[in-house]
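Visitor: Take a look at the letters that make up each chain.
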Amino acid sequence: MDGNYDVAAIRREFPILERKVNGFPLVYLDSAASAQKPRTVIETQREYLSHFHSNIHRGVHTLATQATEAFEGARETIKAHFNAAENAEIIFTAGATDGINLVAGTWGRANLTASSTVLMTRLEHHSNIVPWQILASEIGFKIEVIEIFPEGTIDLEDYNAKLALAPSLVCFSHVSNTLGTINDAKQLTSLAHDAGAMVMVDGAQAAPHMNVDLQDINCDFYVASGHKMYGPTGIGFLYGKRALLDAMPPWRGGGEMISSVSFDVPTTFNVPPYKFEAGTPHISGAIALGAAIKWMESVGLDNIAAHELALTKYAHEKLLQIEGLRIYGTAEHKAGVVSFLVEGIHPSDLGTLLDQLGIAVRTGHHCTEPLMDWYKIPGTVRASFGAYNTFDDVDALVAALERAIKMLK
Amino acid sequence: MGNMKLLEARQNEIIEEFSMFGDWMEKYEHIIEMGKELNPLAESDKTEDNLIRGCQSRVWLSAQKDEEGDVVFSADSDAIITKGLVALMVRVLSGAKPEDIANVDLHFLADIGLNTHLSPTRSNGLASMVKQMKMYGLVFSARS
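In order, the protein sequences belong to chains L and G. Numbers in this note's numbering are just positions in the first sequence, counted from 1, shifted up by 7. With the first letter of the second sequence counted as 1, position 109 gets the number 89 in this note's numbering; the numbers rise by one all the way through.
Hints are supplied without guarantee of correctness; some may be wrong.
As the list claims (entries may be wrong) - Below, simulated DSS-like cross-link-like pairs (lysine-lysine); rule was C-alpha separation at most 30 Å, straight line:
(1) K416(L) x K320(L)
(2) K7(G) x K416(L)
(3) K193(L) x K149(L)
(4) K416(L) x K26(G)
(5) K413(L) x K383(L)
(6) K27(L) x K383(L)
(7) K16(G) x K45(G)
(8) K325(L) x K7(G)
(9) K(-15)(G) x K7(G)
(10) K26(G) x K111(G)
(11) K248(L) x K149(L)
(12) K111(G) x K16(G)
(13) K193(L) x K86(L)
(14) K26(G) x K383(L)
(15) K114(G) x K16(G)
(16) K413(L) x K320(L)
(17) K413(L) x K27(L)
(18) K16(G) x K413(L)
(19) K383(L) x K320(L)
(20) K27(L) x K(-15)(G)
(21) K416(L) x K16(G)
(22) K193(L) x K301(L)
(23) K413(L) x K45(G)
(24) K26(G) x K413(L)
(25) K45(G) x K383(L)
Since the hints were derived computationally from the structure, they do not count as laboratory data.
Turn these sequences into a full structure, and let the hints guide you.
Guide: Right under this line is the structure:
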C-alpha cells in the first residue's frame, strides 16, 4: 500500500502522540481541526524565542536583522512551496479566516457594489461565508449558492448556470473540511475567469494534504492556516496576485504598513506585502510555519497524500461494516476526512464516548451549518487524518465505535 | 420557606449512587439509562422558547410552579447522554422551592467526576440549562 512510508518514524517526531487520554493512548483523528506539531516546529519556535527574538524590519542591531531575515525567509519558503510569482504576493495573516476577512474588507469593499453578485458553494466553511454576508449586509450585493450533488461534489451544470449571472467573485474551498471533497481548483478558476469573475480559494484543508501550485491554479486569492499544516496557531497567509494587491486599499492601519505619515499631507502606504501587515506580526509563528512547510516537504506531500488516501479508503471500508453507519462525502477525489453518522444515535453521544476511550474526533456541524441543513442532519462525527495516523488508529476508531454503539443502542 | 436540606439530600443520594460504579463505562451506562427513562417532553413543548441552544445537542426545558409554590421542571434532549445529565438535574431541582433553586450550590456533578460536562467549552447545552433553571428559580421567587 505505502511500503516506503515510515509512519513509525514520523510519529516519533510528534511528542504529543506519546500521551494518554482518559487512560488510553491518544488516537488523534482531528487533524482537520488542527494538526499536531513535529519537534522541528516546536524547536524552531523555542530557538527563535531563546536566541533571535527582536522586532523586525525596523532595527539596525544584530537581533533585528536576524529576526527579519528569518521572518522574510519564511515568506520565501511559502512563496516557493506554493509557487507564487513573488514574495510580495504572500501576506502573513492570523490564519485563513483572517485572510478572507482581509480580502472582503479591502478588495471586496473597493470593488463590490449593490448590483454585484458573489457566488459560493454549499460546501463552504463559515469563514468563507460570513465575511461576505457581513459585507453584503453593508453594500447590498447578492450571494448565490452553487449547488452540490449528494456525494459532496460541485454540480458543474449549476455552477455554469450561476456564472451566467455575471458574478464579480467566486468563492470556493479547495478541499471541503466536512466532506473531504477535493475540488478541481484549476477548472473552477478557469470557468470563473471565462465568466469575468475573480476567484477566492479557501485552501485551509488543502495545504496540509497536497502540493498546491498557485500559478497553475491561477486563482486571484488563496488562503491557508499554519496550524493545519503542522505549524503554530495564529499564523497563516493570504496569497494575492501582485497587480490586485497593488490596487487594493490597505486594511488595518498602523505601523509597518505606511510609506510616510503626516498630519499635513495625506499619509502614503507601503507596498505589498507590508501594506497589509500593520503592527508587529506573529514573528515566531511565521518562522515556525516556515519550518512546518519544510517538514512537510521533507516527508513529501505526495507521500503524505498517498498515505492519507490509503487510510481514508481503509476507514471507509471498515466503517461501512458497522450496521446503520452512513458516510457523508463520498466523492471520488477526497482528502483525509471521513464524516459519518450512525442511525438513531446523536453524533455528540458518540463523540463523548469515543473521548472516554482516548479517541479524538470532531462532532457537530464543523462550521458548515448550511451544508448540514442541506443534508437535514444535526452534524456528523468526523475522523480526519494527518501524516502521523496509522491503520491501527482506524482499527481503534472502529473498535471504540462498536463499543459506544452497544452502550447507546 | 426554603428547604436547602432537601436539595443537599438529593445531591448526596446521587453521589452515593454513582460511588457504586467501578469504571467510566458503568457510569455512562447509568447516565444513558436515566436518559432513556426520563419522560420525553411533549412535542408541543419543544418550542423555540424552551430550546436552550448548545453547540451540538439540543436541550429543551420548561418550568411550572405547582400549588405548593414549588418549581416543576421538565426537560429533554436529542442526545441521550445529554438527556441523562438533564435527567439528573431535573431529579435534583424539580419540586423544590424557587429560592433554593436560585441559591443551591450544585456540587454533585463534580463529585461524581462529570464536571467536564458543565464546562462551557463542552457546548452540550448543559451549562446553559443549569443557568436557565436557576433563572427560573430567581424569577419565581421574586414573584412569590
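Visitor: With the threshold set at 30 Å, check whether the alpha-carbon distance from K416(L) to K26(G) stays at or below it.
Guide: holds, 23 Å
Visitor: Hinted pair, alpha-carbon criterion (30 Å max): K193(L), K149(L). Please report holds or violated.
Guide: holds, 25 Å
Visitor: Decide if the proposed pair is consistent with the structure: K413(L) and K383(L), CA atoms, cutoff 30 Å inclusive.
Guide: holds, 25 Å
Visitor: Given the hinted pair K7(G) and K416(L), is their Cα-Cα distance within 30 Å?
Guide: Roughly 16 Å between the alpha carbons, so the hint for K7(G) and K416(L) holds.
Visitor: Straight-line Cα separation of K26(G) and K383(L) no greater than 30 Å?
Guide: Judged against 30 Å, a Cα distance of about 18 Å means the pair holds.
Visitor: With the threshold set at 30 Å, check whether the alpha-carbon distance from K111(G) to K16(G) stays at or below it.
Guide: holds, 24 Å
Visitor: Next pair to validate is K413(L) with K27(L); report whether the Cα-Cα distance is within 30 Å.
Guide: holds, 24 Å
Visitor: Given the hinted pair K27(L) and K(-15)(G), is their alpha-carbon gap at most 30 Å?
Guide: violated, 40 Å
Visitor: Below or equal to 30 Å on CA atoms is what counts here, so check K16(G) against K45(G).
Guide: holds, 25 Å
Visitor: CA of K26(G) to CA of K111(G), is that 30 Å or under?
Guide: The given pair, whose Cα atoms are some 19 Å apart, holds under the 30 Å limit.
Visitor: Straight-line Cα separation of K193(L) and K86(L) no greater than 30 Å?
Guide: holds, 18 Å
Visitor: Take the C-alpha atoms of K416(L) and K320(L), compute the straight-line distance between them, and say whether it is at most 30 Å.
Guide: holds, 27 Å
Checked against the numbered hints above, the structure violates hints 6, 20, 23 and 25; every other hint is satisfied.
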